[in-house]
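K.L.:
Residue numbers (our numbering), protein chains in the order written: chain U, 1 to 139; chain B, 1001 to 1139; chain Z, 2001 to 2281; chain A, 3001 to 3281.
Derived by calculation from the structure, the hints in this document are not laboratory data. Computed from a predicted model, the values in this text were never measured in an experiment. Check the hints yourself; a few may be wrong.
[What the hints assert, rightly or not] Heads up, incomplete: computed chain B residues facing chain A, CB under 10 angstroms, no partners named:
no.	residue
1	Ala1059
2	Leu1061
3	Glu1112
[Unchecked claim] To spell it out: a stretch of chain Z is covered by chain A in this simulated footprint if at least three of its residues, at any positions, have a beta carbon under 8 angstroms from a beta carbon of chain A; those stretches are:
no.	region
4	2055-2069
5	2107-2114
6	2117-2128
7	2236-2248
Every residue, glycine too, gets a C-beta built ideally from N, C-alpha and C.
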Amino acid sequence: MSDKKRVRDIHAYLEQFEDVPGTRVYTAARARKGYHINQFAMSLMKAENRERFKADERAYLDEWQLSDEAKDAVLARDYNALLDLGANIYFVSKLISTDGLSFAEAVASMTEHNFEDYKAMMAAGGRSPEGLRSIKGKY
Amino acid sequence: MSDKKRVRDIHAYLEQFEDVPGTRVYTAARARKGYHINQFAMSLMKAENRERFKADERAYLDEWQLSDEAKDAVLARDYNALLDLGANIYFVSKLISTDGLSFAEAVASMTEHNFEDYKAMMAAGGRSPEGLRSIKGKY
Amino acid sequence: MARITAGVASSHVPLLGVAVDQGKTQDDYFAPIFAGYDWTRKWEEEQKPNVVILVYNDHASAFDMKIIPTFAIGCGETYASADEGFGPRPVPDVEGHPDLAWHIAQSLILDEFDMTIINEMDVDHGLTVPLSMMFGQPEKWPVKVIPLAVNVVTYPVPTGNRCWALGEAIADAVASFPEDLNVQIWGTGGMSHQLQGPRAGLLNREWDNRFMDLLIGETDEAREIEHIEYIRETGTEGIEMIMWLIMRGALGKKTRALHRHYHIPCSNTAIGHLVLEPESS
Amino acid sequence: MARITAGVASSHVPLLGVAVDQGKTQDDYFAPIFAGYDWTRKWEEEQKPNVVILVYNDHASAFDMKIIPTFAIGCGETYASADEGFGPRPVPDVEGHPDLAWHIAQSLILDEFDMTIINEMDVDHGLTVPLSMMFGQPEKWPVKVIPLAVNVVTYPVPTGNRCWALGEAIADAVASFPEDLNVQIWGTGGMSHQLQGPRAGLLNREWDNRFMDLLIGETDEAREIEHIEYIRETGTEGIEMIMWLIMRGALGKKTRALHRHYHIPCSNTAIGHLVLEPESS
Ligand SMILES: [Fe+3]
Ligand SMILES: [Fe+3]
C-alpha cells in the first residue's frame, strides 16, 4: 500500500483525480464552479426554506445565482448533471432528503442500474473496483 | 533573543502569562469567562444594534447572558473590570467605537494617567518596559 | 492524569441512525450489522469512559462553502443535532468537555497544528450515528464528547501522515491533562463507498480488511497511503478512512484488537468496526 | 511562473485609516508617520505587483468567539470593508485572486499546514489600513489581494517557528503557480503596543529595532522568539509581529532591506515599516 513516494506537487496531485472512471473528485476547481448550487442545497437545512422550495421550486431557485443549466438539473433531479456542474453529494443530500428519498435510491439513479438492480448489486457485494481504478492504466 | 528552548508544556506556557504586571493575556480561561461579554460587544458591529443599545443600554444588555457585574462594568465603561471578567480589547473596541471615543482615550482610561498625561507619555516615547516585564523577576 | 484507554473505529452511515430512530435494528437487513456492535455496547458499559474524542467529518451541515476548516475542535458546552434536510435526529444533545477540549486545543497549537477552535455548532450524523451504535437510545449520552471535525470533502483533505501525527499529538495532550479521566478516541466514517456518478456502489472488501489489518500491531504503514489510493480502491467517500488514522495515531506505537466487525452492504456502504487498545511494545 | 518579488512589513493602526479617510495625513501629528511611507508609495507605483498576499489579523470582525481559525486563507472573489463599530471605512472593495489563492491553499494543505479556507468575509483595518498606507486613496485598489488571517488574539497563537515555516511553504506554493505574476507578501501589525490594563502605552524602541534587524540578512533567529518575550518586551498587542515572520519566511534564506521607517507614537502604538527583497546568498 505504501511503496510510493508521497505526491507533493499540487498539479500532479490533482491530475491523478481525473484518472478515475465515472468519478468527479470534489477539487477546488469543482468547488468554485458549483459554489452557488451547493449553497442553494445547503439552504434546505431550514424547514421554512424546504417549504418555500416545495411550494414553487423554480421561484426558489431564481433567488440563487444559478445558471439555467443548473436550475434545470435541480428541477430534473439529474444528480450526475449537478455533479458535472460542481455540486458535491453531501450538499446535494439536503435536496435528496427534502424529497424524502433514501440516499441509496438517489445514488442508484446516477448509475446504469434501476434501484432494484442497484440494491441487488450491493447485496451481492457491491460494484467491484476491477477495471474501474484508472482510465489510463485500465486496471 | 533566542537562547531559550521553546516551551512545549502548555501549563508552563500559560503560567508565564500571569507573570506580566498590569496585563491580562487573553488565554482560553479568559476567553471562556468573557464569552458573552465579547459576543455582546461584537453585536455592536451592526448599526441597528448600536441604535438599540444607545436607546436603552440596560435593556439591550439584558438580552445577553451577562452577570450583573458584567452589565455594570459595561454601563460604567470600566474597561479594566471588563478585562478582568474575560473581555478582550478587540471585542470591546466595538463599544469604544459606538461611544465615538478614540482608541487612545479608552486605553488611557485603563492606566494611572488622565488622557492628556497619557498623550504626553506617548509623545515622550511611551511607557518603558523597565521593571514591567516580570512580576517575579522584577526586571 | 487523563489517559487514552482505547480506540474505536466505525462507519457512520446515516441509514443506521434511521434504523435506530425508527426501531428497525432487528430487521433482516439491519440485524447482522447491529449484531457486530453487541460486543462493543457491552464493553462500553463496562469501560464507562468519561470522555470520547470523536473524530468525524461534517457533511456540509455545520460548515458550508463559506468556511472550510481542515481540523476543527469543539470546545463548546453542548451541541445540538443538525437538521440535514429531514429534521434533526431525535437524539439527546451532545455534552462537550470544554476543560479537556481547550486543553487539547491549546496543546495542539503549541505543537504546531493549525487548529480551528469551534465554540458553537450543530453536529450531524457523522457524530451522532456512532454514538447510537455504541450506546443505543439513552435519555442522555453516557459520555462527554469532544468533536474533532476533519475536512474530507473539499480537496486536498489532510494527508494520512498529518492525520496520524495529529493523533500522536492528541495523545500527548491528553496525557498532560491533570484530571484523572478515562478517555477514548473514536475514528469514524468509511469504509469503502462511493456516493456519486456512474461508479457509485463500489465496495472493496479485500482492501478494507487490509486497511483494518494495518491499524493493528506495530506497523505505521497506513499513514503513507495516498488519497488517490483510497479513491481508486474504495470510492470517493472511502477517503473518510483517513479519520481512522487520527484514532490509530493516538494509540501509540502498538495496538491490540479487542473486537472486529465487517459487513456488506449498508445502503451504499461497507460497514467496518474495530475496537483497539494501546499495547506497550 | 509566479514569483514573490518583495516583502513589506507595516503596522496597521486604525487611526492611520482615519487620518487617510479624513484627509489629515499632513497634520503635524501624522505627517512624520506618512513621510516614512513616501518612498514605498513611489516604489509600489514602479513595482506594479499583480497580487499581494496580505498577512494580517482579524480584530474580532469577521470571526467572533464561535470560530477561531489559526490560519485562514481567503479564496473569494471580493471582500468588503468591515463595520467595526463606526461604519465601514470608505475604501474600495478588495478584489481577491481566487486562482492563486486556491492554488496556495491546496499546496499548503498538501504540505501539512492545516489551513482554513474562507470564501466570504469582510476585512477590517488590519487589512485595509496597509493598503491605504501603500496606495493612498485610489478609486480601485491597484492590486489583487489574498487575505491571510492569523489568530493573534486568543492564546495560544501560532509559534514564531510555525509562522516562518508557513512563509516558506507559501513561497514554494507561489513558485509552482504557472501564470507569470509579480507577487508581494506583506506582514502587518505591530510594532510594540499594549492596548489594555495599567501597563497600556508600553513601547520599546530598542526591541522593535532589534526585531527589524533580525529580518534583514541571513539569520533566522527571530523564528525562535517566544510569545512571552513579545508580551514582556513589546506589550500584549506586540504579539502581532509574529505575522511579520510569515512574510520574512516567504523571502527565502537571505534578504536585503530597501527601505526602513520607525516612528513613535501613533495613538498607542509604535509604527514600524520595512521593505525587503529576497537576495540570493
Ligand atoms: Fe460520512
Ligand atoms: Fe492589529
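K.L.:
Hint by hint, say whether it matches the structure.
P.N.:
Going through the hints against the structure:
Hint on alanine 1059 of chain B is violated. Least Cβ distance to chain A is approximately 19 angstroms, over the 10 angstroms limit. Annotation: interface hint on leucine 1061 of chain B violated; nearest CB of chain A at approximately 16 angstroms, more than 10 angstroms. Among the interface hints, the one on glutamate 1112 of chain B holds; its C-beta lies about 7 angstroms from the nearest C-beta in chain A, closer than the 10 angstroms criterion. Judged by the Cβ-Cβ criterion of 8 angstroms, the region 2055-2069 of chain Z is covered by chain A as claimed, because 5 of its residues qualify and three suffice.
Restraint check on the region 2107-2114 of chain Z versus chain A: 5 residues with Cβ-Cβ distances below 8 angstroms, three needed, restraint holds. Residues of the region 2117-2128 of chain Z with a Cβ under 8 angstroms from some Cβ of chain A number 5, which satisfies the need for three, so the listed coverage holds. A stretch counts as covered by a chain when three or more of its residues have a beta carbon under 8 angstroms from one of that chain; for the region 2236-2248 of chain Z and chain A the count is 0, and the coverage is violated.
Going through the hint list in order, the structure does not satisfy hints 1, 2 and 7.
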